[in-house]
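*Asks:* Next come the chains, spelled out residue by residue.
Protein chains: 2
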Amino acid sequence: MTAEQSPDSLKAYIDEHLPAFLPAIAKADGGTAAEAAAYSLAVGGKRIRPVLLLATAQMCGVAKAEALPFAAAVEMIHTYSLIHDDLPAMDNDLLRRGRPSCHAAFGEANAILAGDGLLNLAYETLFEALVVKSTPERLAAAAELARAAGFRGMVGGQCLDLSESLHEEPDKALYAIQRKKTGALIRAAVLAGARLGAAGDDVSGQLTDFADALGLSFQIKDDLLDVQSTSGTLGKTTGKDARDGKLTFVTRYGGREAERIFAAEMARARAALSELEAGGLFVTTLRAIWRYLEQRTV
Amino acid sequence: MTAEQSPDSLKAYIDEHLPAFLPAIAKADGGTAAEAAAYSLAVGGKRIRPVLLLATAQMCGVAKAEALPFAAAVEMIHTYSLIHDDLPAMDNDLLRRGRPSCHAAFGEANAILAGDGLLNLAYETLFEALVVKSTPERLAAAAELARAAGFRGMVGGQCLDLSESLHEEPDKALYAIQRKKTGALIRAAVLAGARLGAAGDDVSGQLTDFADALGLSFQIKDDLLDVQSTSGTLGKTTGKDARDGKLTFVTRYGGREAERIFAAEMARARAALSELEAGGLFVTTLRAIWRYLEQRTV
Numbered sequence: 017m018t019a020e021q022s023p024d025s026l027k028a029y030i031d032e033h034l035p036a037f038l039p040a041i042a043k044a045d046g047g048t049a050a051e052a053a054a055y056s057l058a059v060g061g062k063r064i065r066p067v068l069l070l071a072t073a074q075m076c077g078v079a080k081a082e083a084l085p086f087a088a089a090v091e092m093i094h095t096y097s098l099i100h101d102d103l104p105a106m107d108n109d110l111l112r113r114g115r116p117s118c119h120a121a122f123g124e125a126n127a128i129l130a131g132d133g134l135l136n137l138a139y140e141t142l143f144e145a146l147v148v149k150s151t152p153e154r155l156a157a158a159a160e161l162a163r164a165a166g167f168r169g170m171v172g173g174q175c176l177d178l179s180e181s182l183h184e185e186p187d188k189a190l191y192a193i194q195r196k197k198t199g200a201l202i203r204a205a206v207l208a209g210a211r212l213g214a215a216g217d218d219v220s221g222q223l224t225d226f227a228d229a230l231g232l233s234f235q236i237k238d239d240l241l242d243v244q245s246t247s248g249t250l251g252k253t254t255g256k257d258a259r260d261g262k263l264t265f266v267t268r269y270g271g272r273e274a275e276r277i278f279a280a281e282m283a284r285a286r287a288a289l290s291e292l293e294a295g296g297l298f299v300t301t302l303r304a305i306w307r308y309l310e311q312r313t314v
Numbered sequence: 017m018t019a020e021q022s023p024d025s026l027k028a029y030i031d032e033h034l035p036a037f038l039p040a041i042a043k044a045d046g047g048t049a050a051e052a053a054a055y056s057l058a059v060g061g062k063r064i065r066p067v068l069l070l071a072t073a074q075m076c077g078v079a080k081a082e083a084l085p086f087a088a089a090v091e092m093i094h095t096y097s098l099i100h101d102d103l104p105a106m107d108n109d110l111l112r113r114g115r116p117s118c119h120a121a122f123g124e125a126n127a128i129l130a131g132d133g134l135l136n137l138a139y140e141t142l143f144e145a146l147v148v149k150s151t152p153e154r155l156a157a158a159a160e161l162a163r164a165a166g167f168r169g170m171v172g173g174q175c176l177d178l179s180e181s182l183h184e185e186p187d188k189a190l191y192a193i194q195r196k197k198t199g200a201l202i203r204a205a206v207l208a209g210a211r212l213g214a215a216g217d218d219v220s221g222q223l224t225d226f227a228d229a230l231g232l233s234f235q236i237k238d239d240l241l242d243v244q245s246t247s248g249t250l251g252k253t254t255g256k257d258a259r260d261g262k263l264t265f266v267t268r269y270g271g272r273e274a275e276r277i278f279a280a281e282m283a284r285a286r287a288a289l290s291e292l293e294a295g296g297l298f299v300t301t302l303r304a305i306w307r308y309l310e311q312r313t314v
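Protein sequences, first through last, are from chains A and B.
For the first sequence, this note's numbering gives the first residue as 17, with consecutive numbering after it.
For the second sequence, this note's numbering gives the first residue as 17, with consecutive numbering after it.
Okay, chain A solo, but in the shape it has when bound (with noise of 0.2 Å):
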């Protein structure tokens, strides 16, 4: 694997060029709001769903730069989905990936305004991606995208999630959440860069098992670190799934079967990566983001 292919350079290549597709505006031109969503989108993370973007795309033949504004689009509605997540109305957290949250930060107005921003400016990227560069391909990868963030997608799993009465089917309410909440983006940002490169149905169908597996395992993790590990390793306010009464894997199952449920999922990513390899791709990248989730401790 050459040093361009691996996460960690993918992960650098989106924090060094995320920035600029946030507009400069002055504070005194309504700027507060871009601020505040600089802010957020600054804090980092693992950048999980653009690293995964590029590395699809790459295997499927697209040059990183190429699949950038839509690398760049997913974290920014990632993003502001965390914003919203966290405002008092929702979750009501003051911590996130370390610092302070944005509304903490900048306050309820600013940071209502700053994720709107950050969702609009997801498609402002794609429209001006695609006015550069108009192919079926790329407009199939930006429609994948504006769907998975929307009613069918994340704003109706957190709806899920925010329903009480609908957790009176557990087992069903907490699937339906992880899909559409969490799986949803995932599963979008590999299939984008899949659709980028013009990735066939069987390729396209053994990605959707490696994403879904994958999305699935992942949220497990999310809510596994909840009780084990600390707010300061984590940067996030930890041990709130409990006390809150929020339903997820572990809460629902506990800790041990939490635990079998993300190995099992892990399995059915690795074999679809493995499919994807006897296929003739390349996964080596896809392999390593595999590897760093499976030993993921933030």
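It is possible that part of the hints are untrue.
Treat identical chains as interchangeable: a pair holds within one or across any two.
[What the hints assert, rightly or not] Pairs of lysine to any residue, SDA-like flavour, derived with a Cα cap of 20 Å:
(1) K256 / Y269
(2) K80 / A192
(3) K62 / F37
(4) K149 / A214
(5) K43 / L263
(6) K43 / M106
(7) K188 / A42
(8) K262 / A105
(9) K149 / R268
(10) K43 / Y191
Hint data in this document are derived by calculation from the structure and do not stem from the laboratory.
Model, not experiment: these values are computed from the prediction.
Given the coordinates of chain A, assemble chain B onto it according to the supplied hints.
*Replies:* Chain B alone, transformed into the frame defined by chain A:
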């Protein structure tokens, strides 16, 4: 003028087709936010932005069915902004278009998500329209709307409106807020119609003059109606601007001077229409919209 082209028939066309753009999601699948969005979208209003878009597109030779997804998107963007503006952390308003505002009816979390989902749905709608038929003109129209809605437009304007320190230069702030918060999307609606019809620079310039003057007078009329009308007539809380110490054309300059600026801007808009007409364009519908806005009492 045929019945086809009256502002009323264009508004009826929007009202008829808008609901079909919303995804039908069962409540059990996280559909409460979508239901809240459908509520706010159905409550109606004047549909000025989509009517302007359709009228301009028709003037530039584009059939209304072709322009419909763009018109629907601009109304979704407008409605999301109303939902978020009404939130407790923003303007804190319980009444909108004669009925409870979105968060008054569905709770704050659902209103935040309904707004997020509607904004996203605008872009899902645009991408779907582009997948069906991708031309540089349609892409330019979509990009025009996206730019106007973001940090450099509507989001920046709302941020400016909430910022107290900026009111140190009230005249400058007042015009800057209007230009971004309400003006940008009205201008974008008109220009998107022009882009769809591949209008040249001359026509686009005249339409920009028309839209900017119309947008400014639209805002001034809103400010005037806040003091001249009643909540019952207007369907939203009136007399609120002065009570909240809000910077408006009326609180800043007084009613008489606001009336004078309104009339001057309406004259400027009419002059732009005459120029378009002199260039051989059929401005009957835009003129009818102008007349409706001049006389409106709600």
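*Asks:* The structure should be examined with respect to each hint, and the outcome stated for every one.
*Replies:* Going down the list of hints, with the structure as the test:
Taking identical chains as interchangeable, the C-alpha atoms of K256 and Y269 lie at most 20 Å apart only when both belong to the same chain, with a minimum of 17 Å there against 52 Å between chains. Proximity of K80 and A192 under a CA criterion of 20 Å is satisfied in neither setting, with 32 Å inside one chain copy and 39 Å between copies. For the homomeric pair K62 and F37, the shortest alpha-carbon distance inside one copy (19 Å) is at most 20 Å, but the shortest distance between copies (35 Å) is not. Taking CA atoms no more than 20 Å apart as the test, K149 paired with A214 passes in both settings, with 15 Å inside one copy and 19 Å between copies.
For a Cα distance limit of 20 Å, the shortest separation of K43 from L263 across copies, 18 Å, qualifies, whereas the shortest one inside one copy, 40 Å, does not. Taking the shortest Cα distances, K43 and M106 sit within 20 Å of each other only across copies (18 Å), while inside one copy they are farther apart (27 Å). When the C-alpha separation of K188 and A42 is checked against a cutoff of 20 Å, the pair qualifies only between copies, where the shortest distance is 14 Å, while the shortest distance within a copy is 47 Å. For the homomeric pair K262 and A105, the shortest alpha-carbon distance inside one copy (15 Å) is at most 20 Å, but the shortest distance between copies (25 Å) is not.
When the C-alpha separation of K149 and R268 is checked against a cutoff of 20 Å, the pair qualifies neither within a copy, at 47 Å, nor between copies, at 47 Å. Only between protomers do K43 and Y191 lie at most 20 Å apart by alpha-carbon distance; the minimum there is 16 Å, versus 43 Å within a single protomer.
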